[in-house]
Amino acid sequence: MKLLVAAVALAAAAPLLAQSTLPAAEYANTQLPDPKQEAKARALMETLRCLVCQGQSIADSNADMAGDMRALVRKRIAAGEDPESIRHWLVERYGDWVTYEPPLSVRTGPLWALPILLLGAGLVLARGRFKRKAKS
Amino acid sequence: MSAPSETGRTAKPWVLWVPLTLFVLFFAMAAVKLVWPGNTNIDSQMIGKPLPRMLLPPGVAGRAPFQTGAAPDGKPRLLNVFASWCIPCIAEAPVLMEMKRQGIKIDAVAIRDRPEDVATFLGRWGDPYERIGSDVDASLQLAIGSSGVPETFVIDGKGVIRLQHIGDIRPEDMADIVKALEDAR
Numbered sequence: 001m002k003l004l005v006a007a008v009a010l011a012a013a014a015p016l017l018a019q020s021t022l023p024a025a026e027y028a029n030t031q032l033p034d035p036k037q038e039a040k041a042r043a044l045m046e047t048l049r050c051l052v053c054q055g056q057s058i059a060d061s062n063a064d065m066a067g068d069m070r071a072l073v074r075k076r077i078a079a080g081e082d083p084e085s086i087r088h089w090l091v092e093r094y095g096d097w098v099t100y101e102p103p104l105s106v107r108t109g110p111l112w113a114l115p116i117l118l119l120g121a122g123l124v125l126a127r128g129r130f131k132r133k134a135k136s
Numbered sequence: 137m138s139a140p141s142e143t144g145r146t147a148k149p150w151v152l153w154v155p156l157t158l159f160v161l162f163f164a165m166a167a168v169k170l171v172w173p174g175n176t177n178i179d180s181q182m183i184g185k186p187l188p189r190m191l192l193p194p195g196v197a198g199r200a201p202f203q204t205g206a207a208p209d210g211k212p213r214l215l216n217v218f219a220s221w222c223i224p225c226i227a228e229a230p231v232l233m234e235m236k237r238q239g240i241k242i243d244a245v246a247i248r249d250r251p252e253d254v255a256t257f258l259g260r261w262g263d264p265y266e267r268i269g270s271d272v273d274a275s276l277q278l279a280i281g282s283s284g285v286p287e288t289f290v291i292d293g294k295g296v297i298r299l300q301h302i303g304d305i306r307p308e309d310m311a312d313i314v315k316a317l318e319d320a321r
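Just so you know, the sequences run in chain order A and B.
Just so we're aligned: 52 in our numbering is position 52 of the first sequence, and the numbers increase by one with no gaps anywhere.
Position in the second sequence (from 1) plus 136 gives the number in our numbering.
Hints were generated in silico from the structure; no laboratory data involved.
Glycine is no exception: its CB is placed at the ideal position from the N, C-alpha and C atoms.
Certain hints may be false.
As the list claims (entries may be wrong) - Partial list, derived from the structure: chain A residues whose beta carbon lies under 8 Å from chain B:
hint, residue
1, Asp64
2, Met69
3, Leu72
4, Glu92
5, Thr99
6, Tyr100
7, Leu117
Claimed, not checked - Okay, the calculated beta carbon distance ranges per label pair:
hint, chain 1, residue 1, chain 2, residue 2, range
8, A, Pro110, B, Val160, 18 to 24 Å
9, A, Gly55, B, Ala311, 33 to 39 Å
10, A, Glu26, B, Glu308, 40 to 46 Å
11, B, Gly303, A, Gly122, 22 to 28 Å
12, B, Arg306, A, Pro110, 33 to 39 Å
13, A, Arg127, B, Val151, 57 to 63 Å
14, A, Asp34, B, Gly303, 47 to 53 Å
15, A, Ala113, B, Trp150, 42 to 48 Å
16, B, Ile226, A, Gly55, 24 to 30 Å
17, B, Ala311, A, Ala113, 41 to 47 Å
18, A, Pro103, B, Pro193, 32 to 38 Å
To be verified - Here are the simulated lysine-lysine pairs, BS3-like style, with alpha carbons at most 25 Å apart:
hint, chain 1, residue 1, chain 2, residue 2
19, B, Lys315, A, Lys131
20, B, Lys148, B, Lys211
21, B, Lys148, A, Lys133
22, B, Lys148, B, Lys241
23, A, Lys131, A, Lys75
24, B, Lys294, B, Lys236
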C-alpha cells in the first residue's frame, strides 16, 4: 500500500522544469518602440527555431533560451542590423538547424528539387491523359 | 462521343502494388523514427574557432570579473556552462570536483543566475571553479553555440574552442575530456 501511495505521488508530481528565477531579459517579451523595426524582428523570430523546445519558433516559445534569443534579435534590429545578417550569425554558431528557411546546398538540394520534380511528373501524367482523350 | 473505356487497356499488374508499397515505406520510416528518435543535440559550430572575448561580471560576490578568451596562463582549461537552477548540474558537480582535484583548471559561466543563488549552489555542491562569470542574458552562451545547461567546452591555450560536451559530465565521460585537454596542449 505504501508503495502504491508512493507510486501515485511520484506519478502526480509534475516534473520540475529547470527554469531560471530571474526575470526575462529586456526585449524578450517587450516590443520595440518602432513598429517597423518590431515587424522586421517579428518576421525573423518566426523563422528561427528554438534550441530547447526544438519544434517551435523562438516567437512562439516560452523557454528562457527563446526569450534570450528574442532579446538578441530585437536588440540587433534596433541597432540597425540586417535580419539576414542576424540569421547568418546564428547559423554560424548553431548550424542550419536554427533556421526554418533551409539554405540551398548539396545536402538540402533534394528538398528543394523534389517539389519541382513532382510537379513535372504530374504535368507529364496529365499530358498523357489529355492526349489519349483527344485521340479517341 | 462516349468517354473512352479504361477496360480496353490492360493495366500493368505491378502498378497495383505501388500504393501499398509506398504506404509500407512511409509506415516503416515513421516506426523507425518512433523507436529510435536519434540524437537531438545541436552541436556547436564554433569548434576550432576562438572563444569570443567578453568581460562578464563576477558570478559570485567577492570574485573578480571574468574575462573570457585565452587563459592568462596560456594552458588549456575547461569552460563549464551551468546554472544554480539546473538540476543535472548538481549531478555533474562531484565529477567537476574530482577533475579539479586532478589539477584541471575550470572556469564557469552561470547562465541567467543570481550571485547569491550561485553562492548557495557552490556552498552546497562544492566550488571547482577558478574563475566564474555571470551571463544574465545568455549572450556568451549564444555566442559560443551552446544550447543548454550544463555544457562544457575545452579551450586550448590560445583560446580556441576544441571540444563541446553537451549535458552533465558523467564519470565515464572524464577520460575523453582529459584526453581532449591533453591534445589541446
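How the hints compare with the structure:
1. Asp64: Hint holds; A/Asp64 Cβ to chain B Cβ min 6 Å, cut 8 Å.
2. Met69: Status holds, d = 7 Å.
3. Leu72: With a minimum Cβ separation of about 6 Å from chain B (threshold 8 Å), the hint on A/Leu72 holds.
4. Glu92: 6 Å, holds
5. Thr99: Violated - the Cβ of A/Thr99 stays beyond 8 Å from chain B, reaching only about 12 Å at its closest.
6. Tyr100: 14 Å, violated
7. Leu117: Where the cut-off is 8 Å and the nearest Cβ of chain B is about 16 Å from A/Leu117, the hint is violated.
8. A/Pro110 with B/Val160: 18 to 24 Å: 22 Å, holds
9. A/Gly55 with B/Ala311: 33 to 39 Å: Between A/Gly55 and B/Ala311, where Cβ atoms are some 34 Å apart, the hint holds.
10. A/Glu26 with B/Glu308: 40 to 46 Å: Hint holds: Cβ distance 41 Å, inside 40 to 46 Å.
11. B/Gly303 with A/Gly122: 22 to 28 Å: The hinted range 22 to 28 Å is violated for B/Gly303 and A/Gly122, with Cβ atoms some 46 Å apart.
12. B/Arg306 with A/Pro110: 33 to 39 Å: 38 Å, holds
13. A/Arg127 with B/Val151: 57 to 63 Å: 19 Å, violated
14. A/Asp34 with B/Gly303: 47 to 53 Å: 40 Å, violated
15. A/Ala113 with B/Trp150: 42 to 48 Å: 26 Å, violated
16. B/Ile226 with A/Gly55: 24 to 30 Å: 28 Å, holds
17. B/Ala311 with A/Ala113: 41 to 47 Å: Taking Cβ atoms as reference, B/Ala311 and A/Ala113 lie about 44 Å apart, which means the hint holds.
18. A/Pro103 with B/Pro193: 32 to 38 Å: Holds, since A/Pro103 and B/Pro193 (Cβ atoms, about 37 Å apart) stay within the stated range.
19. B/Lys315 with A/Lys131: 69 Å, violated
20. B/Lys148 with B/Lys211: Distance of about 72 Å is beyond 25 Å: violated.
21. B/Lys148 with A/Lys133: 20 Å, holds
22. B/Lys148 with B/Lys241: Violated, at roughly 72 Å.
23. A/Lys131 with A/Lys75: Not OK: A/Lys131 and A/Lys75 at ~60 Å, beyond 25 Å, violated.
24. B/Lys294 with B/Lys236: The given pair, whose Cα atoms are some 21 Å apart, holds under the 25 Å limit.
Comparing the model with each earlier hint shows violations of hints 5, 6, 7, 11, 13, 14, 15, 19, 20, 22, 23; every other hint is respected.
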